[in-house]
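Participant: Start counting the sequence shown at 137; every next residue gets the next number (our numbering).
Bear in mind the hints are in silico, worked out from the structure with no lab data behind them. Be aware that a few hints might be false.
Stated by the list, open to error - In silico DMTMM-like links for lysine to aspartate or glutamate, alpha-carbon gap of 25 angstroms or less:
#, residue 1, residue 2
1, LYS260, ASP212
2, LYS189, ASP178
3, LYS189, ASP306
4, LYS260, GLU241
5, LYS189, GLU161
6, LYS260, ASP279
7, LYS189, ASP212
8, LYS255, ASP306
9, LYS255, GLU242
10, LYS189, GLU164
11, LYS255, GLU269
12, LYS189, ASP167
13, LYS255, GLU241
14, LYS255, ASP279
15, LYS255, ASP212
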Amino acid sequence: PDVNAPSVVGLATVFGAGGGTSSYEEAENTDLIFLWGSNARDAHPIFFHHVLKGVRNGARLYVMDPRRTSTAAWGDVWLGLRVGSDIALANAMARVIIHAGLAHEEFIGRATTGFADYKACVEKYTLEFATRETGIPGAVIRDAALAYARAPRAMICWTLGITEHHNAVDNVLSLINLALLTGKVGRYGC
């Protein structure tokens, strides 16, 4: 990829507060949870209690974190990415979703702007590139992206592991873009 090109192109500007878009109860009743950059078991035990209820109710838990934390031990899949490669991982997942025809076209058309620019931006994030950047095998990235896109209800949850970086805004935008790409915003359990 062109290192001078933007790493994140936002699909929309629909958020504006630094809070969550879902309730704890929804974590108990979703089908899949991406817990990204968070050792919630140790740092956010009350929230993690609700995540575990969701897991007990059948939700699959994917943990994206450079460290194999106590939270990762509870995950179905641990994606131990290299520090600072969150955007490469998120954008590669977006590319997989788009190429698989799983982008939620109706939602994108109704609730976002800039999809053509976003699609062009993530095109350079091939699985091969993402594997080199993140250290995660391409097949694992692909499977996680497809599981998220295909899940009827799925959540992306993150904490300071995403936001305490020099590129924190772009980290957050890349995760929000995954939710917007799949229409998993504004619905219960998403």
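Participant: Against this structure, judge whether each hint is valid.
Facilitator: Hints and how they fare:
For the given pair, LYS260 sits about 28 angstroms from ASP212 by alpha-carbon distance, which is inconsistent with the 25 angstroms threshold. Proximity of LYS189 to ASP178 is assessed by CA-CA distance (about 16 angstroms); at most 25 angstroms being required, the pair is judged to hold. With a CA separation close to 31 angstroms, the supplied pair LYS189 and ASP306 exceeds the 25 angstroms bound. Distance restraint check for LYS260 and GLU241: the Cα-Cα separation of roughly 21 angstroms lies within the 25 angstroms cut-off, and the hinted pair is therefore satisfied.
At roughly 9 angstroms between alpha-carbon atoms, LYS189 and GLU161 fall within 25 angstroms of each other, so this suggested pair holds. At most 25 angstroms may separate the alpha-carbon atoms for a hinted pair to count; LYS260 and ASP279 meet this at roughly 19 angstroms. The suggested pairing of LYS189 with ASP212 holds, with an alpha-carbon distance near 14 angstroms, which does not exceed 25 angstroms. Between LYS255 and ASP306, the direct Cα distance comes to roughly 16 angstroms. Compliance with the 25 angstroms bound is thereby established for this hinted pair.
Taken as a hint, the LYS255 and GLU242 pair is honoured in the structure, with Cα atoms around 16 angstroms apart against an allowance of 25 angstroms. Pair hint LYS189 plus GLU164 holds up; C-alpha atoms about 5 angstroms apart against a cutoff of 25 angstroms. Between LYS255 and GLU269 the CA atoms are separated by roughly 20 angstroms; this keeps the pair inside 25 angstroms, and the hint holds. In summary, the hint linking LYS189 to ASP167 is supported, as the alpha carbons are separated by about 12 angstroms, within the 25 angstroms threshold.
A distance of roughly 12 angstroms separates the Cα atoms of LYS255 and GLU241; the hinted pair therefore holds under the 25 angstroms criterion. Straight-line distance between C-alpha atoms of LYS255 and ASP279 comes to about 20 angstroms, which keeps the hinted pair within the 25 angstroms bound. Between LYS255 and ASP212 the CA atoms are separated by roughly 29 angstroms; this puts the pair beyond 25 angstroms, and the hint is violated.
Violated hints, listed in ascending order, are 1, 3, 15; each of the other numbered hints is respected by the structure.
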